[in-house]
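Chemist: Take these sequences, add in the hints, and give me the full structure.
There are 2 protein chains.
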Amino acid sequence: MIVLQAEQWSRIGGALFLAAGASESNAARVTKALIDSSLTGHDSHGVIRFVQYTRAIEAGQLDPSAQPEVIKETTCTSLVDCKWTFGQVGAEICIKKAMSQAKETGIAISGLIHAHHIGRVGEYTEMAHEAGLIGIVLVGGFRSAGGANSGVAPFGGTRPVIGTNPISIGLPANALPPVMMDFATSAVAGGKISLCRANGAPLPEGCILDKDGKPTTNAEDFYNGGILLPVGGHKGYGLAVAIELLTQALTGSDQATGNEALGGSYRRTGSTYIAIDPGVFRPAADYASAADATLRRIKDVPPAIGFEEVLIPGEPERRCRARRSVEGISLPDSSWESLQALATKYLIDIASVVA
Amino acid sequence: MIVLQAEQWSRIGGALFLAAGASESNAARVTKALIDSSLTGHDSHGVIRFVQYTRAIEAGQLDPSAQPEVIKETTCTSLVDCKWTFGQVGAEICIKKAMSQAKETGIAISGLIHAHHIGRVGEYTEMAHEAGLIGIVLVGGFRSAGGANSGVAPFGGTRPVIGTNPISIGLPANALPPVMMDFATSAVAGGKISLCRANGAPLPEGCILDKDGKPTTNAEDFYNGGILLPVGGHKGYGLAVAIELLTQALTGSDQATGNEALGGSYRRTGSTYIAIDPGVFRPAADYASAADATLRRIKDVPPAIGFEEVLIPGEPERRCRARRSVEGISLPDSSWESLQALATKYLIDIASVVA
Chain A
1 MIVLQAEQWS RIGGALFLAA GASESNAARV TKALIDSSLT GHDSHGVIRF
51 VQYTRAIEAG QLDPSAQPEV IKETTCTSLV DCKWTFGQVG AEICIKKAMS
101 QAKETGIAIS GLIHAHHIGR VGEYTEMAHE AGLIGIVLVG GFRSAGGANS
151 GVAPFGGTRP VIGTNPISIG LPANALPPVM MDFATSAVAG GKISLCRANG
201 APLPEGCILD KDGKPTTNAE DFYNGGILLP VGGHKGYGLA VAIELLTQAL
251 TGSDQATGNE ALGGSYRRTG STYIAIDPGV FRPAADYASA ADATLRRIKD
301 VPPAIGFEEV LIPGEPERRC RARRSVEGIS LPDSSWESLQ ALATKYLIDI
351 ASVVA
Chain B
1 MIVLQAEQWS RIGGALFLAA GASESNAARV TKALIDSSLT GHDSHGVIRF
51 VQYTRAIEAG QLDPSAQPEV IKETTCTSLV DCKWTFGQVG AEICIKKAMS
101 QAKETGIAIS GLIHAHHIGR VGEYTEMAHE AGLIGIVLVG GFRSAGGANS
151 GVAPFGGTRP VIGTNPISIG LPANALPPVM MDFATSAVAG GKISLCRANG
201 APLPEGCILD KDGKPTTNAE DFYNGGILLP VGGHKGYGLA VAIELLTQAL
251 TGSDQATGNE ALGGSYRRTG STYIAIDPGV FRPAADYASA ADATLRRIKD
301 VPPAIGFEEV LIPGEPERRC RARRSVEGIS LPDSSWESLQ ALATKYLIDI
351 ASVVA
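So the protein lines, in turn, are chains A and B.
Going by our numbering, the residue at position 185 of the first sequence is 185; the numbering climbs one at a time, nothing skipped.
Going by our numbering, the residue at position 19 of the second sequence is 19; the numbering climbs one at a time, nothing skipped.
Keep in mind that a hint or two might mislead.
Note: identical chains are not told apart, hence a pair may lie in one copy or across any two.
As the list claims (entries may be wrong) - Distance condition first, Cα-Cα at most 25 Å in a straight line; then the derived DSS-like pairs of lysine-lysine:
#1 192 / 211
#2 72 / 103
#3 211 / 299
#4 345 / 72
Honestly, the hints are just simulated from the structure, not real lab data.
Modeler: Shown next as structure tokens:
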């Protein structure tokens, strides 16, 4: 396992994406996003994606130098065409457009189409609460050709036909820290399954089905054609279906017309961004005081067995970011070797980049 | 157990609420809401509430003849003061205001304060999808004086400090039936616990804590000071906190100033209504076709063991409504006796009312 400081990872990512053809601004933007995902503990969306994104560029699925464009706009709505570049570039445009509109109108919605992976969804709702606004971000859009183990079965069903459809909501407070919740609507993430598999530990009940559609707690069954289940049975299923329609069907990302040569041939993900002004119904300061009172009440709850304290949604991410900003970000050896090999291919001398 | 047709229940409810002082329009509106909840299978929000609401009127917590008022309005926002009458009357004003505004602006938000119980949340998102719009309704606002067993513990905590904070989303389709999801963010509803208790069956793991904050599957522990847990651990918890702030803190329902004599002394629930035009980003007909394609893909999934088919969220309610519209709505004997006693008090001859 290699450990480097965020700033060192940043130089590696920047050099690699530039060498692979990214514009300077796109390379800087996506590198910043991936490093912040690693800092906040979301390793699956972190520096491990340097290699994945570069390979997507090489495969012609991602245009690293395109510039997203607002293709439709009213006073409280906007639609952004990401032009098949890094989703993070388009997603930032969407949330910022919704935020600036919501300041004027109280609420606004933005949609993103033709986007490669937008990364950690919580990044955009953090932008909202940092600016004193409420942000809601939804991502969905299953595609059957999306590869093995990529989908979630409906409640009572045995085939994956929905995405892991994440939702994130960020809300500002006043003296108390802001709220940022960010979760996939599947019962469990792929990372947790591989951890159980590595440790030979059983999964909690209700997380996966085996290839025959039977409930199982054996992590190994997942890699033999198993299927993810929605969180909370019919509840997570209902939310996942709603997100599927609120993103893919609403934005039009099921139609990737005109760009089949790029990601359109394999990617149909849509994402939807809603911003709300906390002062929409009452003075924003009164909202913030009420938020503080609620969060204080939650923080004061005595912890359950196995917990040291009750955490506000978003606190785990902030604590991890503070810790890893000092301790650095690690990458497993196998991923580091892939990254080194890719860097060599692009004539990047990693040793001198990180020095 | 008594079984009566919806139309008979309707006459009982109407007569009782009128006799208890409700205006004709309020009595008709709330009766219709409660009967439809029973028809759709949500018995806890159904005709069983005839008695509960009448007692709230008698206790001075509910003004049965007040008329809610829009107290703030812009092009895509509105705030409604329910004046402590039946929440169903104010909630309908909110969703319809948001719907009519969203048709013009693409998205709109409405808030409801000073409301008694708004009933089944899905009723309002069904109004949205029936009009070809997308509706999102959130309810929250914990109050510590709310009575035993009324709250949910935060993830990792041992005291109830959040409401069961339901969310409902309704979305239209085209040839396929619409989607309507409606769930509480607690792992389990009170009704399910009392059923397990009656049958001596264990609860699933992760639903409740006992009075000492220890996990238990014994339903009896819930009635001895036990506490509800959020659905899906940190996921349901995150959603519940977000809903708490998006309703109570956002609308201002934590402040019940000016009406302490009525519900203000004990109720701090807020509810938030968002409507979205499915044609906001693309032609509405294209949205509807895409929704159909997604729902068809879900319906075609082979059922898991113990299921006959995969259901779209909202299908269980529609099927139950069709069945109970023929078979009638039942009420346990003990509830029926309370209702008869209350009717007698108001000089209502139930036999002749239902004849």
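Chemist: Evaluate each hint against the coordinates.
Modeler: Evaluated hints:
| no. | hint | verdict |
| --- | --- | --- |
| 1 | 192 / 211 | within (19 Å within a copy, 31 Å between copies) |
| 2 | 72 / 103 | both (19 Å within a copy, 17 Å between copies) |
| 3 | 211 / 299 | between (42 Å within a copy, 19 Å between copies) |
| 4 | 345 / 72 | neither (40 Å within a copy, 62 Å between copies) |
When held up to the earlier numbered hints, the structure conflicts with hint 4 and nothing else.
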